[in-house]
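Chemist: One-letter residues, chain by chain:
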Amino acid sequence: MSEALKPVSQTMPVLQIKGLSIRLPGGGDRAHAVENVSFDVGAGEITCVVGESGSGKSVTAFSVMGLLPKLLKPVAGQILLEGEDVLAASPQRLRALRGDRMGMVFQEPMTALNPVLTIGDQIEEVLRIHTELDAAERRAKVLGIMAAMRLPDPERIHASYPHQISGGQRQRVMIAAALVLDPALLIADEPTTALDVTTQAQILRLIKELQGRRGTGVLFITHDFGVVAEIADKVVVMEKGFVVEQGPAAQVLTNPQHPYTRMLIGAVPSLKPARRKAVTGPIALEAVGLGKTYSSKSLFKKEQVVHAARDVDIKIHRGETVGIVGESGSGKTTVARCIARLMPPTRGAILVPDIDIAMLPERRLRAYRRKIQVVFQDPYRSLNPRRTVGDSIIEGPCNFGLKPDEAMARARDLMALVGLQPSALDRYPHQFSGGQRQRVAIARALAMEPEILIADEAVSALDVSVQKQVLALLADVQERFNLAILFITHDLRVAAQICDRIVVMEKGVVVEQGATAQVFSAPAHAYTRALIDAAPGREFSVGEA
Amino acid sequence: MTAEPSLIAPALPDAGRPNANALRRLVRNPAVLIGGTVLLVMALMGLLAPFLGTIDPAAINPSARNRVPGVERTIRADDGSTTVFKHRMGTDSLGRDVYSRVVYGARVSLMIAVSVAAVSISIGLILGLIAGYIRPLDAVIMRFMDGLMAIPAILLAIAVVSLFRAGLIAVIVAIIVPEIPRVVRLVRSIVLSVREEPYVEAAIMQGTRLPLLMVRHILPNTIAPLIVQGTFIAASAILVEAILSFLGIGIPPETPTWGNIMAEGRNVFRVFPHNILYPGIFLGLTVLAVNMLGDGLRDTLDPKMAGR
Numbered sequence: 001m002s003e004a005l006k007p008v009s010q011t012m013p014v015l016q017i018k019g020l021s022i023r024l025p026g027g028g029d030r031a032h033a034v035e036n037v038s039f040d041v042g043a044g045e046i047t048c049v050v051g052e053s054g055s056g057k058s059v060t061a062f063s064v065m066g067l068l069p070k071l072l073k074p075v076a077g078q079i080l081l082e083g084e085d086v087l088a089a090s091p092q093r094l095r096a097l098r099g100d101r102m103g104m105v106f107q108e109p110m111t112a113l114n115p116v117l118t119i120g121d122q123i124e125e126v127l128r129i130h131t132e133l134d135a136a137e138r139r140a141k142v143l144g145i146m147a148a149m150r151l152p153d154p155e156r157i158h159a160s161y162p163h164q165i166s167g168g169q170r171q172r173v174m175i176a177a178a179l180v181l182d183p184a185l186l187i188a189d190e191p192t193t194a195l196d197v198t199t200q201a202q203i204l205r206l207i208k209e210l211q212g213r214r215g216t217g218v219l220f221i222t223h224d225f226g227v228v229a230e231i232a233d234k235v236v237v238m239e240k241g242f243v244v245e246q247g248p249a250a251q252v253l254t255n256p257q258h259p260y261t262r263m264l265i266g267a268v269p270s271l272k273p274a275r276r277k278a279v280t281g282p283i284a285l286e287a288v289g290l291g292k293t294y295s296s297k298s299l300f301k302k303e304q305v306v307h308a309a310r311d312v313d314i315k316i317h318r319g320e321t322v323g324i325v326g327e328s329g330s331g332k333t334t335v336a337r338c339i340a341r342l343m344p345p346t347r348g349a350i351l352v353p354d355i356d357i358a359m360l361p362e363r364r365l366r367a368y369r370r371k372i373q374v375v376f377q378d379p380y381r382s383l384n385p386r387r388t389v390g391d392s393i394i395e396g397p398c399n400f401g402l403k404p405d406e407a408m409a410r411a412r413d414l415m416a417l418v419g420l421q422p423s424a425l426d427r428y429p430h431q432f433s434g435g436q437r438q439r440v441a442i443a444r445a446l447a448m449e450p451e452i453l454i455a456d457e458a459v460s461a462l463d464v465s466v467q468k469q470v471l472a473l474l475a476d477v478q479e480r481f482n483l484a485i486l487f488i489t490h491d492l493r494v495a496a497q498i499c500d501r502i503v504v505m506e507k508g509v510v511v512e513q514g515a516t517a518q519v520f521s522a523p524a525h526a527y528t529r530a531l532i533d534a535a536p537g538r539e540f541s542v543g544e545a
Numbered sequence: 001m002t003a004e005p006s007l008i009a010p011a012l013p014d015a016g017r018p019n020a021n022a023l024r025r026l027v028r029n030p031a032v033l034i035g036g037t038v039l040l041v042m043a044l045m046g047l048l049a050p051f052l053g054t055i056d057p058a059a060i061n062p063s064a065r066n067r068v069p070g071v072e073r074t075i076r077a078d079d080g081s082t083t084v085f086k087h088r089m090g091t092d093s094l095g096r097d098v099y100s101r102v103v104y105g106a107r108v109s110l111m112i113a114v115s116v117a118a119v120s121i122s123i124g125l126i127l128g129l130i131a132g133y134i135r136p137l138d139a140v141i142m143r144f145m146d147g148l149m150a151i152p153a154i155l156l157a158i159a160v161v162s163l164f165r166a167g168l169i170a171v172i173v174a175i176i177v178p179e180i181p182r183v184v185r186l187v188r189s190i191v192l193s194v195r196e197e198p199y200v201e202a203a204i205m206q207g208t209r210l211p212l213l214m215v216r217h218i219l220p221n222t223i224a225p226l227i228v229q230g231t232f233i234a235a236s237a238i239l240v241e242a243i244l245s246f247l248g249i250g251i252p253p254e255t256p257t258w259g260n261i262m263a264e265g266r267n268v269f270r271v272f273p274h275n276i277l278y279p280g281i282f283l284g285l286t287v288l289a290v291n292m293l294g295d296g297l298r299d300t301l302d303p304k305m306a307g308r
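Protein chains in written order, with UniProt numbering: chain A, 1 to 545; chain B, 1 to 308.
Bound conformation, chain B alone:
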């Protein structure tokens, strides 16, 4: 039997991988573009902090406390030479330069955002795949997740932090734990619907073993929703870190984080609002950018959700 010409699929305009155009569509989406750019600027700012005209963010100067933005000060170096330094965002109640602290603070916030999103999605993905595919474990995992979800995220984070010595790792763990159940639920619901797809059953009929079946036929369906979920987790992680720091139970106060700076400025807010204003602006911008990126990704990767 030879191939009849009429049976040959015509080359369709969107030939190639189903997601071949996804990248192009992403770049065209204004939300992705703006959100991505702002985030990139924030990331560069954190990375290049020492070169952006900053001084040691932890250096205390009792003689220059609570200065308003724009005040200039002469700094004497160890060798006796002096330079004039301008406190663009003023100083806090210990005389530390707020501008330097805000710039360095981007490092902690972004690191927490990325690591929390990555770890909670990895753990949630594995648990979700297991819960969705292996029936007997479903009830066990999901009831445990329900239990976790029943506790308010901030309370749970405070409880976790109080178990360890306060520090970056403890804070990251504390933020990850309450995020996991949300990821597990998302992955599980996708697995439950995909496992009924005829192409998954066809793979079972082809003798594909369970691990390969998961990786090859089920996992790819979870990637787009997880990227989107990841951005929302990142935004919430930045906020939760700021809240924990603001409450004074997060990262030690000498480490500059946006939450710490605001916590520090809280007592003198009515007289010197800049201590809260500037880190607040950066925090708000970053969270907005991450959320915009997430919305844009959702609209491009999952067109069904667009316009809602």
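Bound conformation, chain A alone:
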């Protein structure tokens, strides 16, 4: 595999993109989705295309597959797949090439698989279309590639439906279907973004190993520099439709030339915990023995009980940031929603700090609502699209008796505080970018003068550069208002940078908690160690400014 690092100029590259320009339909903020993009993918080489949202990286991948939406028109350039121009190919020829000479893996394996066909049928479909193999040969070949994907019990999975297997297994199935005909090129569009870190690590290892063994060229689209560090042979950095820098991975990562690349790499939070000053504030909130149980009762079925969270003890001081980390299904969001009282816990107490709000009815809870505020994950859905951001910000204060014009004056101050123009208050959410919306959401939370701020994956949907700004903003407002922050995240890098203490959850149970530095340097629990080991690109220390 190390041979792949050598320049592949002796043989023809699997994929050559030359001067590709794709026009956007009118009315957008720029004329071209991608402009004058050129790069190669060699045989047995992994080329990572990195960029933030809107950089044109996915458009590039789709144009190689010939899957561009009709509105987007390639206006210049060539895409040569083993010397054949894909842009000039007829739809029939493209269909023949897809699957046979190039395979694609998408971001979301659940939606990319057909829910009403078995896994085996879906992989076999490729063989049915492109080969003359009979049923028995097809089945043997499918089981073979499934075993190569290290899918456990291929016979069973062959007969399973997509919902019956896990997310990581689904992504393995997608890769199996893409690779079953041994294509020259594998296009992977953010294939691990929807997966948990430990699963992501396995999938990355699998892709790397398979393409090395089969000599497949891989065009890997990602936004995550950790992933790049983990698998890339070559890196292409895109910004707003242009390639700003490309070169061997080691060179781009350690010695980036273009300011945009430097900014991107600098914005990736380091896994090495930041030095934090000791927190001495009084306790703001304490959860004791918190539990949430879901039970499904129905007339004819046995009652099923799911423990989403069990015996969770968390203490947060004023001015302190406590991170809850864990993978999907670990119960971290359940705990946050219980503490925010968006749902009632099944048992346990939530002390703020002298009264237990765990079981208070909504009527009596209202007085405590202003003490705890939440910043949600998806900034596109957490603001009512029909109301101006000003109306959204003053809603809470007005609910508690502040006059609208006084509240508006405060909102203006808050907008300046979160780095937005006060005059933007009468705009609607769709006129802001994701990062700006998250700033508005923070302003809305601060308008209530809370003591505790719950950030539920608040930066997960943002590009790294924006993420860095929002994290800095959170640290700033924490200092100003002496806030206690409960920070829910799946991203260890983010947690390492902003948390004073870390609570690690697995399957609804707290498996470890302690000071951030201690958890990272000497993880006590096996699951914590697995999480840290799985963090992509951990040997590659980025973002240490």
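Calculated from the structure, these hints are not laboratory results. Just so we're clear, the structure is a prediction, and the values are computed from it rather than from any experiment. C-beta atoms are modelled at their ideal positions from N, C-alpha and C, and glycine is treated no differently. Nothing false has been slipped in among the hints.
Simulated coverage check for chain A against chain B, where a stretch passes if three residues somewhere in it have a Cβ under 8 Å from a Cβ of chain B: (1) 368-375; (2) 378-390; (3) 394-408.
Negatives, chain A to chain B, calculated, CB over 10 Å: (4) Phe62; (5) Leu80; (6) Ile129; (7) His163; (8) His258; (9) Ser270; (10) Asp463; (11) Asp491.
Given chain A's structure and the hints, the job is docking chain B onto it.
Modeler: Using the frame of chain A, we list chain B on its own:
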């Protein structure tokens, strides 16, 4: 901390309210335009009925029964003066002028359409909001609605009419009752999906009380689908009224409605088809116009449904 210029949202081309362009798009939609125009003409016709060359639609004239369209007749007024009146659409078996009855009939049909749509949507909206947001009441309301839906609409309407004395109000009530469950289901399903939206949860965290939460954050999401549903209810109300009248259990036969005129013409249809033909054309046109308007509204207000 001062505002960095780079963080200021650029003015986007579609600045303003999210639905600011909805009106412009509506006017451009041919279905909305045609449907709306036809309806407007029908409404004006009903409103201006006395001035459109009509005579008393209930006046019986035994000497001029079952005349074909175009026949002229001399009418003697009380003061002895005479005028020549042309029965453009002929007369029915009691000698009443079909043209006058059709024109006046538009009044009843459109009034029923509008009132049924308005009332059933208002009631359905309230019940749907309650069912969608207040869990314990959900099962009670929805099972009752399921029960209503299990009875065919026409049968239910016949049953309701038979409970009261036949009349306009009874007919309107009879048509409203079977329409309500459909509205409740629609509203409830919207509420169930919107209540999970983070912005609704954010409002809860802001201490917004339930009534305000409903009006401010949930209700606006139901308006566009309800406008569309309203047009379909209106179309179906016109039809059901005509059916009830045709069956002779609706509005009293002396009141001109399109259904009544057709019911009246049924016995002599093979000899004098105009008694059914003309009201039928108007009925068909109106229902078509309302449906076109509804489709057009759906396509403009809910672009996801366009092209299906």
